[in-house]
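Read top to bottom, the protein sequences are chains A and B.
Numbered per the UniProt record's numbering, the first sequence spans residues 1 to 270.
Numbered per the UniProt record's numbering, the second sequence spans residues 1 to 270.
Bear in mind the hints are in silico, worked out from the structure with no lab data behind them.
The C-beta atom is built at its ideal place from N, Cα and C for all residues, glycine as well.
Hints should not be assumed to be uniformly reliable.
Under 8 Å between C-beta atoms, here's a sample of chain B residues computed to sit facing chain A [what the hints assert, rightly or not]: (1) 49; (2) 65; (3) 108; (4) 110; (5) 171; (6) 192; (7) 195; (8) 199; (9) 201; (10) 256; (11) 257; (12) 259.
For reference, the chains in residue letters:
Number of protein chains: 2
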Amino acid sequence: MKVFIVLAHPEPRSLNASLAKYAVEVLEAAGHEVKVSDLYGMNFKSTVDGKDFKECNSEEPLKIFDESKRAYAGGTQTPDVTAEQEKMKWADVLILIFPMWWYGMPAILKGWVDRVYAAGFAYWVGKHTPTRATDRFGEGTMAGKRAMCMVTAGGKADHFNARGIAGPIDDLLWPINHGILFYPGYDVLPPFVTYNTFPGAIDDKRFEQIKADLKKRLLTLDTTEPIPFRKQNFGDYTMPDLQLKPGLEQEGETGFSIHQIAPKATGCSA
Amino acid sequence: MKVFIVLAHPEPRSLNASLAKYAVEVLEAAGHEVKVSDLYGMNFKSTVDGKDFKECNSEEPLKIFDESKRAYAGGTQTPDVTAEQEKMKWADVLILIFPMWWYGMPAILKGWVDRVYAAGFAYWVGKHTPTRATDRFGEGTMAGKRAMCMVTAGGKADHFNARGIAGPIDDLLWPINHGILFYPGYDVLPPFVTYNTFPGAIDDKRFEQIKADLKKRLLTLDTTEPIPFRKQNFGDYTMPDLQLKPGLEQEGETGFSIHQIAPKATGCSA
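Make a model of the complete structure from these sequences and hints.
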């Protein structure tokens, strides 16, 4: 397989960078090809502005959607953006490695998304008609590829469980997993999350255990069952208003999880 | 009142910037004092790195928590960060104005949070003991102040409702409202969201309506009921594992909303 790792941490000796380095070792030893974008190391520009668009006329208001669509279609994007898109197209699997800061991505990684996810590339793909929306949420440029978040969190695992004060980790990551990864077509794997990473909380023994757990996930990237997000254009949603059709969720279920196919009942009971 | 507006849009003639300008007019006409941080206009640095910490020794690994705590306590933060913290302390109300890009904040605003929310200022405030966690989630430096998001979204309102494919807007904004605003102590007001902002979707008539709706919200900032997030240290959570105590949620309720106090039943029925 071809694997594209995007790393967002300023310190090369951080846990995030160490796990990224270890991931490359494991994947290459297993015969996979790996490319890495170390966003801090590349000094990746993280803010979208007029300088991203060569044909942008500064006397006219900057309309990002229009400029992005024109630049992508016309091949006039900045080279750094084009290079990232090429790596996304090259890879079978995308892995985002980042510390959860304030319950989301570090700004530099959000800026990577904001800039690299061009109109015509990551959104506004395919036709939009009254009976069928554009290719997104399960379809699009990245269809057939896989993606996974590798996240570190300072808080303890308890704080991120179903009743924990931070909110369930799957819901906190939903805007990323569903809105950023599933949107352009990726099959999204469950995240690899390391909790309780505050200074002093990880000794050598724990680090070895984290690496062992990570290795298992990395060697099963192609067989791990993706999060069963519902695809947009396959009958679960009304058109054109894109509402989940009645009765598909479990009884009483609300929130993000209605947009996932519930686990099938197994065993003997009815 | 004193109001601090943080604006995150690269185009001064955008809808976001126009609504920010209008908000200043309305608030000042009503006798309030307003300060604005136009992050793009200020060229605000959006990535956390070693340059943020004057005492940072580049031969040692950068530990952001340690450096942030030391710089905040020692008064050695960069002037841009200190200035934003001063505006936060000065204001009674914080308003974040931003376009929803990829179901979250633009990178420049996330970077404002990542940098300005220093240890000892926005987190790691007060003591942490086995029976009481630090001052956060309803307590902290910003306790007694209010905050509100003003958000624009390209998609239609339907897509963000309880069954819409994008997910419920309150859940999408939860990491911001609960994790970024409630965390350091703000009372968080319901967001002011403008949907369907794709090019061409807002004519003069609709813009006037948006302004009228916004004006109502701006003139009731001090009386609008905040989102009833549950405070951390007031009996709803177990210690030290910070789990919502059993039975506080509504029957069958799951996800983020269990961390809000359910609306009280009203009227005659039991």
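Hint check, failures only
The structure breaks hints 6, 7 and 9; every other hint is satisfied.
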